[in-house]
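J.: Residue numbers (the working numbering), protein chains in the order written: chain A, -4 to 541; chain L, -4 to 541.
Treat the hints as calculated values from the structure; they're not laboratory data.
Hints are supplied without guarantee of correctness; some may be wrong.
[What the hints assert, rightly or not] So the derived label-pair ranges between C-beta atoms look like this:
(1) L:A517 x A:I499: 42 to 50 Å
(2) A:V388 x L:V48: 26 to 34 Å
(3) A:E295 x L:R471: 51 to 59 Å
[Said to hold, decoys possible] Some chain L residues near chain A, calculated using beta-carbon distances under 10 Å:
(4) L131
(5) S160
(6) G161
(7) A162
(8) H172
(9) A173
(10) G240
(11) T341
(12) T382
(13) S387
Computed from a predicted structure; not experimentally measured.
Just so you know, even glycine gets a beta-carbon here, dropped at the ideal spot from N, CA and C.
Given next are the chains, with one letter for each unit.
Number of protein chains: 2
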Amino acid sequence: MSIRNLDYLFKPKSIAVVGASTRPGSVGAVLARNLLRGGFDGPVMPVNPKHAVIESVRAYADVDDLPETPDLAVIATPPRTVPGIVEALARRGTRAAIVITAGFGESASDAGRGQRERMLQAARPHLLRVVGPNCLGVLVPGLGVNASFAHLQPRPGSIAFVTQSGAIATAVLGWAHARGIGFSHVVSLGDMADVDFGDMLDYLASDPRTRAILLYMEAVTHTRKFMSAARAAARSKPVIVVKAGRRPEGARAAASHTGALAGADGVFDAAFRRAGMLRVLSLRELFDAVEIVANLAAPEGDRLAILTNGGGMGVLAVDALVEAGGRLAELAPETLAALDRALPPTWPRANPVDIIGDAPPSRYREALEALRADPNVDAILVVNCPTAVASSVEAASAVCEVIGRTPGPTVLASWTGDAREASRLFAEHRVAAYETPEEAVRGFMYLVDYRRNQRLLTQTPPSIPEAFTPRTDGARKAIAAALAAGRQWLAPQEVDEVLAAYAIPAVETRLAGTPDEAARAAAGAQARWRSRSAPPRSRTSRTSAA
Amino acid sequence: MSIRNLDYLFKPKSIAVVGASTRPGSVGAVLARNLLRGGFDGPVMPVNPKHAVIESVRAYADVDDLPETPDLAVIATPPRTVPGIVEALARRGTRAAIVITAGFGESASDAGRGQRERMLQAARPHLLRVVGPNCLGVLVPGLGVNASFAHLQPRPGSIAFVTQSGAIATAVLGWAHARGIGFSHVVSLGDMADVDFGDMLDYLASDPRTRAILLYMEAVTHTRKFMSAARAAARSKPVIVVKAGRRPEGARAAASHTGALAGADGVFDAAFRRAGMLRVLSLRELFDAVEIVANLAAPEGDRLAILTNGGGMGVLAVDALVEAGGRLAELAPETLAALDRALPPTWPRANPVDIIGDAPPSRYREALEALRADPNVDAILVVNCPTAVASSVEAASAVCEVIGRTPGPTVLASWTGDAREASRLFAEHRVAAYETPEEAVRGFMYLVDYRRNQRLLTQTPPSIPEAFTPRTDGARKAIAAALAAGRQWLAPQEVDEVLAAYAIPAVETRLAGTPDEAARAAAGAQARWRSRSAPPRSRTSRTSAA
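Take these sequences, add in the hints, and give me the full structure.
T.: Below, the structure is given as structure tokens:
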């Protein structure tokens, strides 16, 4: 399908909400209220056969009764009614629907799966795109579209957030709201009967309002489409992904299964890297990434200067920086001279620049000015610990003043303690601010890694050595045979065949059914090994006796 | 020295503050105010030759002028005056001093080092114990002792926090204050001229008001004393340590040096494990650990039940749990039956227990009651994402109500979004509460690891095999020679000798000065290797030609 129909989803001119309700606290009531109060510049038309008015707006008995064809319909009615509603919408010409309703996902009953199939059959001939079912909805804050039952109205911003879990959506929205961070799009994909991650990446990659894309994934559908969309998107903007379910704990999963699944996560990891996406492992890391992409231009390189009023915090930041593969900036002689003039004589004359615990705002200002003038500095992390002798808020204010006055390298902040007032200042001045210095360093390194990935993406892989021709036919045959047998995994001997086809060295492995067989296999291997002048070749063989 | 004199530090009957000041914002003024307003049940006596009254309290011109001998003196005067003041105090019978003053640390000038030595010489004959110099001070909130220039007054509590960095102290105090977490002791050790980590561990291990000990370390003095004190302390209560400076970035450190230093951190790591301490790597991890030790009785084991209103949050928690070595509790049939009665039919009938996004407080209550009755559950993590259809605060209130009513396994909470009100409820009910589910799992696993360490500490190591006698003399000789030469590191050939003494296998390594020598060494090795029936023995040899 073309991504063009997704414009009806993200830029609708009119919206119907089917299953709008007056019952306080119900999903249908929250949906109607969110849509009507979101500031959308077009008609929102409630549909409910039992009520003539919902939220002071005229309601319609059914889809056919609507005075105009809605571009987008939001559906929150019981599962058995959904296929009929989608069919009526498609017939009238609606091209996008968001199905909030749960109960016909992949894990549902036979009846549920049948309803899901009938819904898709009704939609397909008319190219009506379906988001969901079983989702929180879709938000486009810049257009006042809040087609969701989220608990709050996010601000407009430049981050697109696409998630398979509605709960993660509300968690991230709640966190971001408190930090003053906004979104270009929030999309809860739910069960992904139709619209999936590949579609979203295709669409958002070329959306000019979206500067970064965040994904929360549990599974991938249409892997090839996903990979090509991810690669294209990551070329134009940072794509950050949380892939959950790294360690599926089926209650009594056998050890062999565990190994297989851990391997599967390794595949995701490699695929993300290959596509140039940044993978983060936890909600906190996602928060850290959002903080930086929401606020920053990309730093030019990986050389970080650290400015702190507490030595210990500097040490923690350096540990985190070096471990993540970043570098401490080496300060230019002119910078050291300028700092000598600005700081007390006991300052350590090196990066981290410890401006000492009694530092007043003026010392922050002068030290930051000196560091911003240094050509060896790609970004600056400013750290503050609370003290009784100087105000943390005034220090934040001095930092913001310097940033506002002159251009220069990216500045990040770590204000520890009760830093609500400072946080507000930093949010206003678009400075990425963190509670701990290590988290600030992590945020910085996301952007450094993004730039490194960008370079890797534009490199072609080294060519194959001339003297070597892989036997790709053999590898293809093994994989095709496994797929034909309906298997998800290669058997051990098939793995051997694939590795051998590319002459990849592998440890010699043998299978023995009894201790005696094991002893014989060992003796045989030792004898063969003695008779050779080089270590056993990489070819793997296996004697099966089990 | 005995730890008994430390009672004068932690349980003084009277306190002098030498260098108390009236200048607003000065360290001397903050010290006087903190001491006088901390609620200490004894006289606080300011000493300053220039002022007769400080903070409405009579001040004395010098130490000899004091109307009684103070148990404890806090000193914040210029470095050159400190040795004389310490001597006067020692002569009068004071047994503990906290030297706030900076400028005579190890990194200071020759004059500074001389003053430090003279200070110690004045203190030693009288067994006067010195904390500092260059520190934030000491707080014992339960006794109203605030002998520090901290920016706030912590609450009394059961955690002792000992730190080499004053900045880390204020950062942790600020964070803890906002969470309602209190401390039994806060000790800023500064340059550790006298009192060090070993002393503090010895003292705090047997302090009945201290339930857990946190350390922020950059260096260890008196290693043997430290190890034996750490081992004893960790047997009686959790000891959690941040050891910073894992990756010292000497500006142009050679690659070989980096390797050596990484190894040094490995030594710390092994020592901490051996002592039964828990090592955490960042300020956030320290916060997570504080949250759990401040609130909890230890869980009985590593089987965690997860109760969540959002499936995605459950998945993130499971990933974190399994990766950290914990286990998902397997719910008993009676528990599943009770949950069937309490939950909608679509609940997944497994742990994590997903009570679905529309869960009202009553569903939290009933599901939590069922899980607390399950004998297979060691602890329960309750997760909440904000929704528009149910109140997060009411859910928190329901959880606290269940906990207050019946005893049962430990409960942790993860409330995401703007959870200030819920946090307050949890703090009141002593429930460890986190912003993300992964951080809650990390907190849980600290206590699980603590219990595991406790078991390891009581085990004796397996005995040495009878047929093997290590040549300890050889190893001792190599190490003694290096120490005698004033070296911190073994040379490569000395490492070989130590490894060989214990018959530890090592890869054969040779050093060659030119490509030709390398080729000859390789040919020789290959020839020897061919002539053998087994792989090269573990003995390492090295031909030096460089």
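J.: Can we keep the G240 of chain L interface hint, with Cβ of chain A closer than 10 Å?
T.: Since chain A brings a Cβ to about 5 Å from G240 of chain L, closer than 10 Å, the hint holds.
J.: Verify the interface restraint on T341 of chain L: the C-beta must sit less than 10 Å from at least one C-beta of chain A.
T.: holds, 7 Å
J.: Does H172 of chain L pass the interface hint, meaning its C-beta sits closer than 10 Å to a C-beta of chain A?
T.: Result: holds, 7 Å to nearest chain A Cβ.
J.: Per the CB criterion, is L131 of chain L less than 10 Å away from chain A?
T.: For L131 of chain L, the interface hint holds, since the closest Cβ of chain A sits about 8 Å away, which is under 10 Å.
J.: Can you tell me whether the CB distance of A517 of chain L to I499 of chain A sits inside 42 to 50 Å?
T.: violated, 25 Å
J.: Holds or violated: the hint that G161 of chain L contacts chain A, with Cβ atoms closer than 10 Å.
T.: Since chain A brings a Cβ to about 6 Å from G161 of chain L, closer than 10 Å, the hint holds.
J.: A range of 51 to 59 Å was offered for this pair. Does it hold for the Cβ distance of E295 of chain A and R471 of chain L?
T.: Given about 53 Å between the Cβ atoms, the range holds.
J.: Would the stated hint for S387 of chain L survive a check requiring a Cβ distance to chain A of less than 10 Å?
T.: Holds, because the Cβ-Cβ distance from S387 of chain L to chain A comes to roughly 9 Å (cut-off 10 Å).
J.: Does A162 of chain L pass the interface hint, meaning its C-beta sits closer than 10 Å to a C-beta of chain A?
T.: holds, 2 Å
J.: Given T382 of chain L as an interface hint, is the shortest Cβ-Cβ distance to chain A below 10 Å?
T.: Given a least distance of 6 Å, the restraint on T382 of chain L holds.
J.: Against chain A, with CB atoms and a cut of 10 Å, does the hint on S160 of chain L hold up?
T.: holds, 3 Å
J.: With a cut-off of 10 Å, does the beta carbon of A173 of chain L approach a beta carbon of chain A closely enough for the hint to hold?
T.: holds, 5 Å
Hint 1 alone, counting from the list given before, is not met by this structure.
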